[in-house]
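Numbered by numbering that gives the first Met the number 0, the letters in the sequence shown go through residues 0 to 88 in order.
Hints in this document: simulated from the structure, not taken from any laboratory.
All C-beta atoms, glycine included, are put in the ideal place defined by N, C-alpha and C.
Warning: the hint list may mix true and false statements.
[Said to hold, decoys possible] Per label pair, the in silico range of CB-to-CB distance: (1) 83 to 50: 38 to 48 Å; (2) 83 to 24: 54 to 64 Å; (3) 84 to 27: 51 to 61 Å; (4) 50 to 79: 33 to 43 Å; (5) 53 to 14: 53 to 63 Å; (6) 5 to 27: 24 to 34 Å; (7) 29 to 78: 46 to 56 Å; (8) 71 to 27: 55 to 65 Å.
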Amino acid sequence: MFAVDAMTTVALVLVLGCAFGVLLRVISRYQGPDDSQPDSDDGGGGSGRREPPRPRDGGGGEPPPWWPEFEREFADHVRGLEFASASDH
Numbered sequence: 000m001f002a003v004d005a006m007t008t009v010a011l012v013l014v015l016g017c018a019f020g021v022l023l024r025v026i027s028r029y030q031g032p033d034d035s036q037p038d039s040d041d042g043g044g045g046s047g048r049r050e051p052p053r054p055r056d057g058g059g060g061e062p063p064p065w066w067p068e069f070e071r072e073f074a075d076h077v078r079g080l081e082f083a084s085a086s087d088h
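Could you put the whole structure together from the sequences, leaning on the hints where they help?
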């Protein structure tokens, strides 16, 4: 009878130890890097956000051919919103 109780205790200790180890691993994975060393090189400062890609043509020059039509349609849309807003009051 004593052997079963000892085996149960050993199994319980092993399971709890493994669960504790997994918990520590999960917690350490989701914490940030250790910044306690001021001279450690972590790749520089900044927000960590990447800059959006730049247009291939440099972004300058002539607007695309569809731009004037878009501006007209957008102006008509805004006028429609202004009219709807004015008629609501």
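We went through each hint and held it up to the structure:
1. Evaluation of the 38 to 48 Å hint for residue 83 and residue 50 yields a pass: the beta carbon distance comes to about 39 Å.
2. Distance hint check for residue 83 and residue 24: the Cβ-Cβ separation is about 58 Å, which falls inside the suggested range of 54 to 64 Å.
3. Our hint of 51 to 61 Å for residue 84 and residue 27 holds, since their Cβ atoms are close to 55 Å apart.
4. At roughly 37 Å, the beta-carbon separation of residue 50 and residue 79 lies within the given 33 to 43 Å, and the hint holds.
5. Between residue 53 and residue 14 the Cβ separation comes to about 55 Å, which falls inside the hinted range of 53 to 63 Å.
6. Between residue 5 and residue 27, the C-beta spacing of about 33 Å keeps the proposed range 24 to 34 Å intact.
7. Between residue 29 and residue 78, the C-beta spacing of about 51 Å keeps the proposed range 46 to 56 Å intact.
8. Take residue 71 and residue 27: their Cβ atoms lie about 58 Å apart, and the range 55 to 65 Å holds.
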